[in-house]
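**Student:** Letter by letter, the chains look like this.
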Amino acid sequence: MKRLFFGGIHPRYNKEMSLTSDNLTTVTPNQVVIPLKQHIGDVCQPLVKVGDRVLKGQKIGDGEGMCVPVHASVSGTVSAIEPRIHPNGQTIDAIVIDNDFKNETVEFTECDTPLEDLDLDTLVHTIRESGIIGMGGAAFPSNIKALTSMGNVDTLIANACECEPYITADDMLLRTDPEPVIQGVLILQRLLSPERTVIAIEDNKKTAIKILKAFAKKNPSIEIAVLPTRYPQGSEKQLIQAITGKQVPPGKLPIDVQCIVFNVSTFAAIHNAVRLGKPITERIVTVTGEGVRDPQNFIVPIGTSFDDLINAAGGLTDDIDRVLNGGPMMGIAQADLSASVVKATNAILCLKKDPNFKVENSVCIRCGKCLNVCPMRLKPLYIARYVNAGNVEEVSRLNVADCVECGSCSFTCPAKLPLTDKCREGKQMIKEEAKK
Amino acid sequence: MNLTLATSPHIRGNFRTNKIMLDVIIALIPALVVGVIVLGLRALLVAAVSVVSAVVFEALWCLITRRKLTIVDGSAGVTGLLLAMTLPVTVPIWQVIVGNFFAIIIVKALFGGLGQNIFNPALAARAFMMLIFPLGITRYEGLDGVTSATPLHHMVMPATPNESLLDMFLGKCPGSIGEISALALILGGVYLCVRKVISPRIPLAYIGTLTVLSLIFYKTDNALIWSAYSVLSGGLMLGAIFMATDYVTSPVTHLGQILYGVGCGALTLIFRYFGLYPEGVTYAILLMNAVAWFIDRYTGFARFGTKKGGGNK
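As you go down the protein sequences, you meet chains A and B in turn. Under the numbering used here, the residues of the first sequence are numbered 1 to 436, in order. Under the numbering used here, the residues of the second sequence are numbered 1001 to 1313, in order.
What the hints contain is simulated information worked out from the structure, not anything from laboratory work. For glycine and all other residues, C-beta sits at the position ideal for the given N, C-alpha and C. Each statement offered as a hint is correct.
Part of the chain A face toward chain B, derived, beta carbon under 8 angstroms:
1) 250
2) 323
3) 330
4) 331
5) 357
6) 360
7) 363
8) 364
9) 376
10) 377
11) 410
12) 412
13) 414
14) 416
With the rest of the complex left out, here is chain A (with noise of 0.2 angstroms):
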């Protein structure tokens, strides 16, 4: 198979134990904990108070600085506004909200302008007044990457690769609500003008990539990129590597390459936004790995626990290890499972030991698997000795600073190095060598 970002692992990728069905249950949880805080940016202000009734839908949160705001995403009272545990690890204020069960929402505002006639300022206002973020894990105010785009864009990508293993919220969305985020990547259109728009999907996701390439041909803008599974595919500069063949320079953004790069969730949530007035107040979550009883996906609202959803998936083995927000190359593991579920959540992944993390002499052999495996081109484990060696001048030498923490080196070393770790630490090295 053509190879086309450097380096890269396979591994298990256990998809199917989540794709048990096609009709998702929505959870009904009986309290909200809502962050003020889900992007990345400053912590939003509360604009209500204990005892205030809200509606679905209403905006609970916003703030003046880089912020975007946060809604109710059920309808009920609110019985805390507190500091609670977010999935990131952090402490931060939350909005606790009792479930009522009414499931009334605030008025929504639909809009079938066609979209030509699309004013663009009030489309990136629409954007920030929904509170929508990049829905893929990385959190950053779509509003602002937007504005800082346009008139600049010449690709512009809905990245649907879901390139970690036992992830498929992507893929659920696109199987049972495909239409919304192909009309979200028709407005993304309409308010960047890229000359070529791209939607990159992975080829283990044969169902998807029907749907996607149904729809290619009623939009003969829009391409369909079927790209060979291998992580980080959906690494974005992975993925713009592989779509447009450059690579984001060193320290610059995609749109230095005049490349956007949105995940589909945001897409279908930017459809709902300018389209159904409907800010987002749920999101589809992959509750799975062997340490779960019954793994599927929900459609969930935001402020779920964590804990309320494992129960409706059955609930923890025995021999669980370890719970993690995210997918198990990156995903940040939980100590306390009342953490809620916040917009770029994407899996609950409970995993047992993995044996394979078993190793005899855990010394470095030389081998270059690390260095074969980097989509970055970095040397790990020169990285590694320098660091424990305390060397900052040679471990800024190797481009720590281009490590996307993708966690393939770690994945690949036959004696179970912390490289990855190590590539933090010498990251670390260098701001605090910086500060004096």
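With chain A fixed as given, assemble chain B onto it according to the hints.
**Tutor:** Chain B in isolation, oriented as in the chain A frame:
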């Protein structure tokens, strides 16, 4: 319920150091089998003593220095087997043991153990043995058990060896236990490439360079024949496929590996033509071992996203 808190990634591939070592041992078996068939059962004894003494020395080292036993990673066993492959079948057993002491304790353990040695332990031990046991390891037996000159000795004269190219390819010629059959060694090499243990870069660069250089600087009438004999004689195949590809002592970058192979090939020719001994492989590889890190430092991919990295206007 105690949830493990660890950093990503949370899964690992099923590659493991001792699996790699096992693959190397498997790859050496065809050559060992040919050695036993052509040179006799004593070859098996030499190999066994070599492996056992290497493992014992490493175990003793771990015991004396109060470390966790490292012999289970398989690297000592591989060193022992490789050293045996470079020795003639008539080598005195006690010399095999001394050689392994040098390989495991001096060249490997004293430099920091697995992953830290600068020089290939088996080859450095062979070089050491050539120094202190000149007779023990330069007497070679032919098929009939009679001491005879190896094809390399003939080529020093210069003259083409008595054995046919086919005989040398199959293994019907005098030489050390592991070096006589190019076919068996190539089979092992292909196995290692298929198993993704080694990349063909170093062997191809090494053998390719020696082929080209011996075509240019040939010593008998026919350049092609001379070149073919140069590649098939001596420890070239064993060295190029199993010694030069040793992870610890060779470069990891792609360009670095090619340069390393070319350097080994050129040095082998130079040492064969101008050196005291008919063989040049041992010292060629050892010298390239010394510059392996240096090569790594200045090779490596261009930085992602820079003009040299490719793909950008």
